[in-house]
Amino acid sequence: MWYLSDWFYVVLTLVVFGFLYLILKGIETFER
Amino acid sequence: MNDTLAGWLQFLLLVAALAACYVPVGNYIARIFTDSRHWRIERGIYRLTGVDPDADMRWTAYVRSILAFSLVAVLFVYLIERTQHWLFWSVGMTNVPTDTAWNTAASFVTNTNWQNYAGEATMSYLSQTAGLMVQQFLSSAVGLAVAIAMIRGFVRSRTDRLGNFWVDVTRGTIRLLIPLAVIGTIILVAGGAIENLASYHTITTLAGGHQTIPGGPVASQEAIKDLGNNGGGWFNVNAAHPFENPNPFTNIFIIFMLLLIPFSTPRAFGKIVGDNRQGYALVAAMVIIWACAVGGVTFFESHLGTAGVGPQLAHGAYEGVETRFGPHGCSLFAVSTTVTSTGSVDCFHDSLTPFGGGIVLMDIALGEIAPGGIGAGMYGILVLAMVTVFVAGLMVGRTPEYIGKKIRPTEMKYAALYFLTLPVIILTMSAIAIGTKWGQSAIWNPGPHGLTEIVYAYASQANNNGSAFAGLGTAAPFYQITGGITMLLGRFAPEIFALGLAGSLARQAKTPASAGTLDTRKPLFVGMLVGVILILVGLTYLPALALGPFAEGLH
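So the protein sequences, as listed, match chains A and B.
If you count the first sequence from 1, you need to add 970 to reach our numbering.
If you count the second sequence from 1, you need to add 1362 to reach our numbering.
Hints are computed from structural coordinates only; laboratory data are not their basis.
Since the structure is predicted, the reported quantities are computational estimates derived from the model, not experimental observations.
Where hints are given, some of them may not hold.
[Unchecked claim] Derived DMTMM-like pairs: lysine to aspartate or glutamate, alpha-carbon spacing no greater than 20 Å straight-line: (1) A/K995 <-> B/E1914; (2) B/K1872 <-> B/D1712; (3) B/K1768 <-> A/E1001; (4) B/K1775 <-> A/D976; (5) B/K1775 <-> A/E1001; (6) B/K1768 <-> B/D1416.
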């Protein structure tokens, strides 16, 4: 049984990596 | 033999060993990443994972691969830690609490190895090996891969391709890190470090008490911990533990291992760009900063009159220092672990004198480029070298060039983003910690020392060093979460900017050197580079240093 806090950290990981991906997309847009 | 002479001999022996390895190890690294053939075992891995090893990636694809690889790694390590009690090799450990498990997963995937736990009392053998040790290999290989991709930006022209991330990581792991780690492990075991899968033993002491003796494959983790500039120790006290670092020989050998690849990478750079003198210039700047830091910390830790009355009576700042190594062994280790992104320790940095502690904090704050972490130091100093030629270009009114590539506004924007990212993360996180009750409640030492501990914690995590100043309750959820975010952003955001810069360089055509080109192989450039590093990066942290260690030292 996974605790609620496990899901919190999974979502937090996705949010941080999503933010990094947005930085990459932003630079790609800027480069064009 | 007196302490000072022993300290000098250790330092000179280390310099001689590193100098002897500079050319062969650097040439070998260059050969690994320029070899057109794939080894059979590598081809097997590519087939198994569905990777096309001959596909050349744009810098954006390279970044996407890094992010995807690291995201999966964080979740995988987290899963092992959270289920270790039900898996094999649990040695009686319960599952790791969620906040510690996440912070640790982020820590080892980012090559930081910040540890909010005591390894021997928290982690199962499976977590230590399949989770943490595997990441010690892979995260190091990722850093090296980024450095190699950046070097390709200088070598290639009119292309947007920087190589293949999966091939670079596989080669770095199989051809460099594993063979060196095997050699390192054998030497450490010969020196007395333990290597076993035995259960913990409970013994009865002479006084009649009971003591639990931990075991584990410690030597093998110690080897990659240092070779890969990871720093996460098997035991809570890291390299101050006699099972991990048994004697002065293993102590100097560990310092050698953690400096070996970072100091040899400039040679690989020189070799790949076809001008070895470029590598000598960069390594000279690295050595100057490292040697000055060693001299400074050793002075403050061993010089009478700088450490207070108690340490004076003991002929040095002995509090918190492992007596087997003394202040000299501690100082050399403390500087070497903070100028690289290693973070392993053989003495408590919290126990350093205020100015000694200030220097190691400054080592980290410089962005760890002297010589820096595996790969990370190389791409860090290359960015700063470009900033240096840009500043020089402004002085003489010419378009700056470095290794045949023009440093235009586009490159400078990437460079500015690169070196501004870490100060923004570190100082913002420190301000949040100091300004909120969650951060304040974990400060055990009020005043300037407490400020130093907070700034050190975030500087260490953002720069992926991992050493702790201690004295701060970083096991609190606030520090676990902000620390994890700091490590992930501090690792990958600069890598995005570094690879963007490399992509921009690769798209350029080569520019032949002219009479107005600054010769970046000369001592003048080395001096300018050191100056730019100290002024541009160092001054960013001057207010924090003044209010923390300097205020404490001058009190």
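Status of each hint after checking the structure:
1. A/K995 <-> B/E1914: At roughly 44 Å apart (the allowed maximum being 20 Å), B/E1914 and A/K995 break the hint.
2. B/K1872 <-> B/D1712: Distance of about 49 Å is beyond 20 Å: violated.
3. B/K1768 <-> A/E1001: holds, 17 Å
4. B/K1775 <-> A/D976: Measuring from Cα to Cα gives roughly 39 Å; hence the hint is violated.
5. B/K1775 <-> A/E1001: The given pair, whose Cα atoms are some 12 Å apart, holds under the 20 Å limit.
6. B/K1768 <-> B/D1416: Since the Cα atoms of B/K1768 and B/D1416 sit roughly 29 Å apart, the hinted pair is violated (cutoff 20 Å).
Checked against the numbered hints listed earlier, the structure breaks hints 1, 2, 4, 6; every other hint is satisfied.
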